[in-house]
Amino acid sequence: MLRCFYTAGTGMMVQRDRMDVLANNLTNVETAGYKSDSLISSTFRDMVMERLHDPGIVSTSTIVGALGTGTHIEEVYTAFTQGNIEGTGRLCDLALVGDGFFTVSTPDGDRYTRDGSFAVNSEGYLVTGEGLYVQGENGSIEVGGDGFTVDQAGNVYVGGVLEDQLRLVTFAEPDGLRKDGGNLYAHVQGPGPQAAGDIVVRQGALEGSNVDSAEELTRLLAVRNAYTINQRVLGMVDKSLEKAVNEVGRVG
Amino acid sequence: MQAIYTAKHGLMAQQQRLDIIASNMANVSTTGYKGQRAGFKDALYTQMIDPSDTESTVNLRQGSGVLAASTYRDFTVGTPVQTGETLDFYLDGDGFFTVQNSAGDILYTRSGAFAVSAEADGQYLVTADGHYVLDDNDDPITLPDDLDRVSVTPDGILEFGGGATAALGLKTFVNRDGLSLTGNGCYAATDASGEAVESTANVKQGFLESSNVDISLEFTNMIRTQRAYSLAGKVLTTWDVMASETNNIR
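Chains R and D are the protein sequences, given in the same order.
Using the working numbering, the letters of the first sequence map in sequence onto residues 1 to 252.
Using the working numbering, the letters of the second sequence map in sequence onto residues 1 to 250.
In short, the hints are calculated from the structure, not lab data.
Backbone N, C-alpha and C fix where the C-beta goes; we use that ideal spot for every residue, glycine too.
Some clues are possibly wrong.
[Unchecked claim] Computed footprint of chain R on chain D, listed as stretches where at least three residues anywhere in the stretch have a Cβ under 8 Å from a Cβ of chain R:
hint : segment
1    : 181-193
2    : 219-227
3    : 231-238
[Claimed, not checked] Reference excerpt, derived from the structure (chain R facing chain D, CB under 7 Å, subset only):
hint : residue
4    : M19
5    : A23
6    : T31
7    : H72
8    : A119
9    : G129
10   : L132
11   : E142
12   : G145
13   : K179
[What the hints assert, rightly or not] FRET-style restraints, in silico, Cβ to Cβ:
hint : chain 1 : residue 1 : chain 2 : residue 2 : range
14   : R       : S38       : D       : L181      : 37 to 45 Å
15   : R       : D108      : D       : A164      : 58 to 66 Å
16   : D       : E198      : R       : Y157      : 17 to 25 Å
17   : D       : P154      : R       : L217      : 51 to 59 Å
18   : D       : D136      : R       : D108      : 43 to 51 Å
19   : D       : T182      : R       : A186      : 32 to 40 Å
20   : R       : G204      : D       : I223      : 17 to 25 Å
21   : R       : E130      : D       : S29       : 31 to 39 Å
22   : D       : S52       : R       : Y157      : 51 to 59 Å
23   : D       : T79       : R       : L217      : 56 to 64 Å
24   : R       : V245      : D       : S52       : 51 to 59 Å
25   : D       : I249      : R       : M49       : 42 to 50 Å
26   : R       : A79       : D       : S244      : 30 to 38 Å
With the hints as extra help, turn the sequences into a complete structure.
Encoded structure:
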């Protein structure tokens, strides 16, 4: 009976974490290049129930069956599906169509992003909105101003002359990428970055968030109800225990 | 319960974006105004702990919402509007007029609606706000008495008749997004914008530059902002329902 408390409790905790992940998706519905997360939960390992003190069988126990003990968070899965392409007409805005990332240089090493809302800094280099240098095959890209052009393969031309090619990379195991905030991903495990093949760069456009607000709202309702159900279970267990404690043992 | 703070971030970010849209819409007929847009970034992520495997290094990243991290100004040239006025100038291309305010600071503007200021030591070319318009040596431009004979060449040389000339100080910046808007359509140079460099824009007399705000785009963005705002609000109310359930456990 007491196990029910914890089973229902783990259910509430998982729904709470799921709510946190959904909240992050829903607030990033307008964030360029954002990829939606979903929380995957799984059950704790089943326990084996044994019947002890069975009067029919002396000095041994009978296996009754398996018993689940609730649920826990297992993994946050990021869906790297394509977001909508939105034309902005701004020459520093670059959108990626297909599988891959821009490479940007940070004090902690290279990071990867799908957010192509870039700018040109005071030294004439292509940077992100936060001032991190966008990397080409030959390092940071000096474009001199916003009069540069980028072709579909990511070649950057300044005044009609080829300056550099954007370093567009892909990962064999996208699970090895970790979200770092600021629309950046860090590579933490698995095979390293490889040159992206099947990808097209669009200048003057941005990739929107791939969050589907209808789907997320549906999940939000499901989470709220699942949370309530777990709370009800907890309440019922509590009532049953109350009866056991106060009424079953009452004399007279 | 991170969700309530996440929702708050969402509400704040969309509120900031709405402020920017409101500013764009209010300046839909301001000469030389350049529209702005908000750029969002996802906020910090923290590691969640899997209770069945506390050593786990798999992706269990919990986000904390969104930040309106940067603004991008759209410096595309607005359409020219013919006014026929002698002292109205339009900049075709990337550049700014150099002006000086009463405090002596050098500022930059796209608004070429100039006027004459008659002072004790002569007539000066000034902006609508009374800032001196500077020449290519950062000195205030003086005007002759006969204004009907003022003309301008495409590269910004004012010709006053009788051989007198003055060159408009036309400047631009490597990173125009880094300029800080000081009000009245004037920008100041900052460390981020870099030093002013010569501009190659063409000057046209008798025209003014209209605002480059696209009202239909702003309306679309306003609707999107409103939707994103209500989504964050929905998260907040859902969190509230869940919190009250928690309170009702006992």
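Going down the list of hints, with the structure as the test:
no.: 1; hint: 181-193; in the structure: holds (count 3)
no.: 2; hint: 219-227; in the structure: holds (count 3)
no.: 3; hint: 231-238; in the structure: holds (count 5)
no.: 4; hint: M19; in the structure: 5 Å, holds
no.: 5; hint: A23; in the structure: 4 Å, holds
no.: 6; hint: T31; in the structure: 4 Å, holds
no.: 7; hint: H72; in the structure: 5 Å, holds
no.: 8; hint: A119; in the structure: 5 Å, holds
no.: 9; hint: G129; in the structure: 3 Å, holds
no.: 10; hint: L132; in the structure: 11 Å, violated
no.: 11; hint: E142; in the structure: 10 Å, violated
no.: 12; hint: G145; in the structure: 6 Å, holds
no.: 13; hint: K179; in the structure: 5 Å, holds
no.: 14; hint: R:S38 / D:L181: 37 to 45 Å; in the structure: 41 Å, holds
no.: 15; hint: R:D108 / D:A164: 58 to 66 Å; in the structure: 60 Å, holds
no.: 16; hint: D:E198 / R:Y157: 17 to 25 Å; in the structure: 23 Å, holds
no.: 17; hint: D:P154 / R:L217: 51 to 59 Å; in the structure: 56 Å, holds
no.: 18; hint: D:D136 / R:D108: 43 to 51 Å; in the structure: 45 Å, holds
no.: 19; hint: D:T182 / R:A186: 32 to 40 Å; in the structure: 39 Å, holds
no.: 20; hint: R:G204 / D:I223: 17 to 25 Å; in the structure: 22 Å, holds
no.: 21; hint: R:E130 / D:S29: 31 to 39 Å; in the structure: 33 Å, holds
no.: 22; hint: D:S52 / R:Y157: 51 to 59 Å; in the structure: 53 Å, holds
no.: 23; hint: D:T79 / R:L217: 56 to 64 Å; in the structure: 41 Å, violated
no.: 24; hint: R:V245 / D:S52: 51 to 59 Å; in the structure: 31 Å, violated
no.: 25; hint: D:I249 / R:M49: 42 to 50 Å; in the structure: 27 Å, violated
no.: 26; hint: R:A79 / D:S244: 30 to 38 Å; in the structure: 32 Å, holds
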